[in-house]
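There are 2 protein chains.
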Amino acid sequence: MPDPGNDRGMELDGRRRVVVTGVVPEIDGGRFAVKRTIGEQVDVEADVFVDGHDALACVLLHRFQDGEWTETPMAPLGNDRWRGAFTVTKIGRYEFTVQAWVDRFMSWVRDLPKRIEAGQEVRIELLIGAALVEDARRRVAGPDAEHLARYADALRNGTREEQESPIPAGLGALMQKYADRRLATTYERTLAVVVDRERARFSAWYEMFPRSCAPTPGRHGTLMDCIQRLPYVAEMGFDVLYLPPIHPIGHTHRKGKNNATTAGPTDPGSPWAIGSEAGGHKAVQSELGTLNDFHRLVERASQFGIEVALDLAYQCSADHPYVREHPEWFRRRPDGTVQYAENPPKKYEDIYPFDFDTNAWRELWAELKSIVDFWIAQGVRIFRVDNPHTKPFAFWEWLIGEVKRDHPEVLFLAEAFTRPKVMYRLSRLGFTQSYTYFAWRNTRAELTEYFTELTQTDVREHYRPHLWTNTPDILTEFLQLGGRPAFITRLVLAATLGAGYGVYGPAFELCERVPREPGSEEYLDSEKYEIKRWELDRPDSLREVIARVNQIRRDNPALWGDRSLRFHGVDNEQLICYSKRTDDLASCVLVVANLDPHHPQAGWTALDLATLGLDPEQPYQVHDLLTDSRFLWHGARNYVELDPRRAPAHIFRVRRRVRTEQQFEYYA
Amino acid sequence: MPDPGNDRGMELDGRRRVVVTGVVPEIDGGRFAVKRTIGEQVDVEADVFVDGHDALACVLLHRFQDGEWTETPMAPLGNDRWRGAFTVTKIGRYEFTVQAWVDRFMSWVRDLPKRIEAGQEVRIELLIGAALVEDARRRVAGPDAEHLARYADALRNGTREEQESPIPAGLGALMQKYADRRLATTYERTLAVVVDRERARFSAWYEMFPRSCAPTPGRHGTLMDCIQRLPYVAEMGFDVLYLPPIHPIGHTHRKGKNNATTAGPTDPGSPWAIGSEAGGHKAVQSELGTLNDFHRLVERASQFGIEVALDLAYQCSADHPYVREHPEWFRRRPDGTVQYAENPPKKYEDIYPFDFDTNAWRELWAELKSIVDFWIAQGVRIFRVDNPHTKPFAFWEWLIGEVKRDHPEVLFLAEAFTRPKVMYRLSRLGFTQSYTYFAWRNTRAELTEYFTELTQTDVREHYRPHLWTNTPDILTEFLQLGGRPAFITRLVLAATLGAGYGVYGPAFELCERVPREPGSEEYLDSEKYEIKRWELDRPDSLREVIARVNQIRRDNPALWGDRSLRFHGVDNEQLICYSKRTDDLASCVLVVANLDPHHPQAGWTALDLATLGLDPEQPYQVHDLLTDSRFLWHGARNYVELDPRRAPAHIFRVRRRVRTEQQFEYYA
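These protein sequence lines map, in sequence, to chains A and B.
Taking the numbering used here, I'd label the letters of the first sequence as residues 1 to 668.
Taking the numbering used here, I'd label the letters of the second sequence as residues 1 to 668.
The hints are simulated quantities; they were obtained by calculation from the structure and are not laboratory data.
Heads up, some of the hints might be wrong.
A pair holds if it fits inside one copy or across any two, identical chains being indistinguishable in the list.
Simulated crosslink set (EDC-like; lysine to aspartate or glutamate; CA at most 16 Å straight-line) [unchecked claim]: (1) K346 to D54; (2) K177 to E146; (3) K347 to E121; (4) K90 to E198; (5) K90 to E409; (6) K282 to E325; (7) K347 to E117; (8) K404 to E446; (9) K346 to E544; (10) K282 to D293; (11) K347 to D111; (12) K346 to D111; (13) K528 to D473; (14) K346 to E121; (15) K257 to D386; (16) K421 to E530; (17) K282 to E661; (18) K347 to E68; (19) K404 to D43; (20) K114 to E342.
Construct all of the structure, not just a fragment, from the sequences and the given hints.
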């Protein structure tokens, strides 16, 4: 006696004939969840087919967490592809899958008119239909059973005239409702969607060292000083304030100015050398203030619509309490000392990495999670994770999974600058957002290729790009050499190519651009190793441009996401042109930027009018939201000219002509 | 206490840090086996990486059936991609997977020279190395343990000079042999390879109706007549003789000439209407002879190097014994009659399909398998399966799996002409070879697109294309209108684009090309419904061209497979140009065909010389194996001209210049 279907999972019955396969979105065969933010739609497609010519019915099943399943119909697209969709309305984890079955009644309904048209006698066919209805009736109780019985009767006793349109409207609905699904095929995997709040997709970050926030020179800045700085940050329009580590800084092997191997007596050290006798990852450095001050900062920031993000840097200075209390979490060298961080021949003797190979890894993992729990209890909901690619993938998957189970509103930004597959693995396993290679993509070809990959391939299902113009570690050559126009161009690119972006300030708005030495991306006199005094009111500050750009972002829903990004042609390679839009085209933004910070550049666009929803026969306006000037354009080919000394980029709102009832026309 | 890695399969230990993913070849997440033929290589690639900077070791594991695992090293290709390979040497099922681990000793070996070059003191580093060797020693017994102990001692006590090259050659090998794999990651799936004999990849089929093989007119041909026909088939160079069903043919609703709904008293009926009171799928139609005659045919054919392939058409005439003995295997209509085959409004009343939805499906499956077993017992090893897409996928997967478990040498050719996803599903689930859309691909664009998909995408891992010039159901418009040149062109295309191909003869070699009516692909007076008399000796027969083409196929290993197929440019769209080659370039065939059967066409090639292994600076010969003429060519651009009335195609052997030790040159 044969065993059915070689015992493949779902195919317990050899009569389960429908195949459901090729389901998207699916990452690594369902190994990881896809990502959405609240209110977004999940479009699901699948290959669904059966042997022979039977009609199929196909539904999409979805549920929130382990709640009730909701069913929505899927529709055929042709070539055996089916599509359905559901909208995610809560933060947390959704599941979905696809189910399909042979619908004999539908086959019958489909074929009957063909038989009648061919002039065939259909008496027997009507009896077949009646038998199918009768079958359904046997599965049903109550009034529907009676309805079905009546329909079956009608089919059995139908007159010739009735046969011409023998399928009553209500019957189809009832038969669909009571379809025989005993041999339905459910896709062999249940796929997951992690739903985050909107800030996971759309946010503008400002990175700032609290210790440089003192209003008077020579004093160590404090968290209370940060509170005073909030209006400045809010006026520029940022909604996340990210602070480098605020914990006690180690003394042993402390780095001096410009990363000198020995520190002077007043050098404050790098905030990433975490831990001293005063405490570790759960303490606030006393020079910055108290935990209470931190609470106040979080609260005041929220009144400005700003969230405070903390740095999660899982490493220790030699003076961290862990080193003494948990020697088993660190690797020892044969001379009994603790193994410092290194990338041979480079040594980072002020940093002790955790030894994730330790036998005590479970205790280590638990303690590291307790750090996140601690700061969540202090009101933090966003963590910028330092170098996640130097800690095990399994650890992050566990940590993020555990944290988000209790706090699905928590966001983790992965600061990994490493090989692409490693970066994508981190986003797959759960990081909410990810740093990108944006800082080093300068030419049109580079930008187009990279952002097409990020927004138009499967990558977008798990990787949410976060674009930084600069960081304390990254002062790019482009900024060094391009000066103020380069800063503006990169600001516009970051803020419009990426719904998530950030700047490290005030270095950014003050166009700080002197490298430690030629060829270096390190800042000269980097804030990482000393307290800086920033002249915020300098007249050449970019704060107003930044404010304008962030306002444009908020005003134009087209810029709230990345999926609609499309590049358009321009016949000058120094110009880049791209658009974003909402599905309904109510918001449509077109950016043209001059990638040459040194010279004016001009050219003719080759716009994809269909993407922009424009009628090739109608004029339209492009309204530059940076300068408030408007241009009347027509068709795909339009002239643009950008002088970097005046305005290195346009951020156009595309306004199409609208005719009102009164025959007035205006541009919406 | 944290649970490790969210409990994902292999990650039972949170210290299992290496990720192995993106393994190819893999079909549908490992759901199906990839296909190879004996002697072929399986190239395996995987993404393998770990957090941080540790060195990795990576191996490919493979085994035949459930034998011992063999391990071969994989090498990094860059960008975290690794590659390895193994060769399949037996018919049956292989398995493979990938394993990788952090190799701390390799990291140490890699980093030590960097430390020494930087002038660092490495005494402690040597002790670290010694400890790693000592660790390995503890895992080993016997002489290797002593070797390792000595190496550890040497590292502990090394002098400064020894430190300059402190890693003895033998140590690396031992450390690799005894690597600590306790925390190795094995890819989460074991992938399968089904290995067939060579004929699964390279075969030339000849389809022939035995009943038309009688040497004298008016007589029903027999299997003994087929034996007489063998030299004719063998001379043309075919190695598979495929017979339409040879079973008793039903009487009820028998079809007459040209598919007439009523048959005359002498009409033989369609061989696909299987079964009469004389027997069913396990019987031989008495007019054809006996089972003994069939045995003789199989045996004689094998002496000619020809295998007999039988048709597996799972359907019954109304007179089939199954209909009486197993009414439960057929669907009943309300009037008590058996449901005939139909595609509304078309009715095929001479055919009863099996009802695979029957409750008795297990018994039905078993009986259908017993048919295959029966013919295997009669010496058949190749089955051409009629319309597999009208029977459940699960049935075929089970049937083929079961049959090949005991008889891995059995081949199944799927005759499915349906939607692409259905055809690909059939090949995925196990069909050895598959009919293609080749017959309807006539233009260069169509052929290039289709054969690129078949040979250069993942499709090639499961789908072995079988190209038919014509079949009893398919007389294409191209052949109808193009006449003899069209027949030759399509022969050359089928035989060189496809390592597996076939013709339906003698209709093909006699250029039979009159359709039943204009617009039909059916033959007028089709052999499906009547006995034909073929004038095999007609002077315009293509038998000699066919013999030549099949000889070329046998002589040129380039044509024994499809993976090397590459298309080259020609500046005339009516010309198509493509090549096949062996990996070592010892055999390289270049085809140029005129797709216009009506007019001479000429043009200039744009050859991809790298694919052909040609030096752009050296002349080379192209040797037309059809006409034995040779041309001296140079570079990518060469003139070709093909007159369909003389020779519609070139099959060139590419001969490159070879310089011997004696300074003579010739073209190999």
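Hints, verified against the model:
{"no.": "1", "hint": "K346 to D54", "verdict": "between (68 Å within a copy, 15 Å between copies)"}
{"no.": "2", "hint": "K177 to E146", "verdict": "within (15 Å within a copy, 76 Å between copies)"}
{"no.": "3", "hint": "K347 to E121", "verdict": "between (90 Å within a copy, 13 Å between copies)"}
{"no.": "4", "hint": "K90 to E198", "verdict": "within (11 Å within a copy, 57 Å between copies)"}
{"no.": "5", "hint": "K90 to E409", "verdict": "within (10 Å within a copy, 56 Å between copies)"}
{"no.": "6", "hint": "K282 to E325", "verdict": "within (15 Å within a copy, 81 Å between copies)"}
{"no.": "7", "hint": "K347 to E117", "verdict": "between (85 Å within a copy, 14 Å between copies)"}
{"no.": "8", "hint": "K404 to E446", "verdict": "neither (35 Å within a copy, 51 Å between copies)"}
{"no.": "9", "hint": "K346 to E544", "verdict": "neither (41 Å within a copy, 75 Å between copies)"}
{"no.": "10", "hint": "K282 to D293", "verdict": "within (14 Å within a copy, 90 Å between copies)"}
{"no.": "11", "hint": "K347 to D111", "verdict": "between (77 Å within a copy, 12 Å between copies)"}
{"no.": "12", "hint": "K346 to D111", "verdict": "between (76 Å within a copy, 11 Å between copies)"}
{"no.": "13", "hint": "K528 to D473", "verdict": "within (8 Å within a copy, 78 Å between copies)"}
{"no.": "14", "hint": "K346 to E121", "verdict": "between (89 Å within a copy, 13 Å between copies)"}
{"no.": "15", "hint": "K257 to D386", "verdict": "neither (21 Å within a copy, 80 Å between copies)"}
{"no.": "16", "hint": "K421 to E530", "verdict": "neither (35 Å within a copy, 64 Å between copies)"}
{"no.": "17", "hint": "K282 to E661", "verdict": "neither (64 Å within a copy, 79 Å between copies)"}
{"no.": "18", "hint": "K347 to E68", "verdict": "neither (55 Å within a copy, 45 Å between copies)"}
{"no.": "19", "hint": "K404 to D43", "verdict": "neither (24 Å within a copy, 40 Å between copies)"}
{"no.": "20", "hint": "K114 to E342", "verdict": "between (77 Å within a copy, 12 Å between copies)"}
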